[in-house]
Amino acid sequence: MKGCREMIDQSTRARTVPQFRVTQFMGWTWCYHLLDFVKECKKTLTDQGRGRLFLRACLVKGQLSCAVRLLRSDAVVLATYYDSNSSILRNDILTEIFLSLVEEVQRITFRLNLKNGSFLDETWELAELRDYEFVPCDALGIHFQSVDEHLVVTDVDKGSVAAEDRKVQKGDILDEMFGHCLKGVRKSKVKELFSLYRGIPVYASFIKATDSYGHVHRHVLKLLKKADIKPPTPRHRSKEAKRQANRDSQSGVSRKPVHAILPEEELDEIPVHGPGGKAAYEVFYRGMYPLRGDGRVDRIHDAVGAIVDSEEKTMESVTIAATETSIVVTCKSTGKILMEHSYTEISACGRRTDHMTYFAYIAGDTTCNLAKNFICHVFESEDPDEAKIILCSIAQGFERTQWFLLQQPVIETVRTTELRCLQQMEVAFVDRTGRSTVIL
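Using full-length UniProt numbering, the first residue of the sequence shown is number 1, and each one after it goes up by one.
Please keep in mind that the hints were generated in silico from the structure rather than gathered at the bench. Nothing here was measured: the structure is a model prediction, and the numbers come from that model. Yeah, the Cβ is synthetic: ideal placement off N, Cα and C, and Gly gets one too.
Just the calculated beta-carbon pair ranges, DEER-fashion:
{"#": "1", "residue 1": "E40", "residue 2": "L370", "range": "53 to 63 Å"}
{"#": "2", "residue 1": "I97", "residue 2": "H143", "range": "50 to 60 Å"}
{"#": "3", "residue 1": "G159", "residue 2": "E40", "range": "32 to 42 Å"}
Model the full structure from these sequences, guided by the hints.
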């Protein structure tokens, strides 16, 4: 890293154009920025970690081949830092082969989270980093222990801000707070940041201990053993999830878990439509709940709760299909169409965070902006991820019928009396009559 910096210093000397008195710089400004970014990063403490972070940054910026050519062009740096017998850069033929490979790799768009670098000193394999925004509070309700310069969560208080929706779990690592790196800091630093930023939302980043199926990241596992924390056991996937995984493996498709999909990737990743232009899923129909003239999104909270608590709830095996123009529900045993609602009749859809496998949509007796009678239809899936995919497929149906979706935080727009029930909703889409807001 030092040699690269020295070489750039020599390559980027400014020269002045006399007639215009303009100072021009060579085209290595991007490399200066990347090197400054790496040097200022407090998450990488070794040369190996900084080198890995620099390579990740080059991939994101699409400048890896330029960095290699820059190194290759300086004989002094090569002689000082690269072995003539083992380094590819000291061999002309191998260098050209390597550059051709790097230039092909550079065609790929890399969306790497450069904030996720706390384990780069040890490995290329990184656990997932999640950013959370919590409501203003005096305490998040988490207990942590410093293990090898990482703040490992040892317990989460029930009913606390951090425990909501199981966002933070035992074994997670508190990596950042309010933009400040917490690797290698004292535990008292967290209290200092809380006092400094008191009264505003709490912005924190956590390195998750497990993946979507509960498998513990191997480098996090070492920290959990040192902290004497029992690692969580992997969750068993549903039959449908296993069948989908088998289909993907047979077709050579590698699909990301739902939580790992970036916003710009959602249209490509979920849902996966079949050849007939529809996405069909086997679920259970649990019943309907009349809403009269109120088709607002927050009524899903009431409807799902009423169906779950009802002693007379049905459990009929059905297939729900999101076609190009409508939602079709078919009885699995008889093949009879039980109901069909066009997207123009659906005012909202969503699910509750305390019943993740249940999902619902609200349909009117006609186009939703004219309807006077709404009914909430409640379904249950075996897998929470599948329930989310179905809701996203309905959202795509809204887009195909040229309706607008809002994605603004519900807290900014709803009335105070509606806030409590809306906070229990995880996914909901806009009521096109303007009756409600959207959370996703």
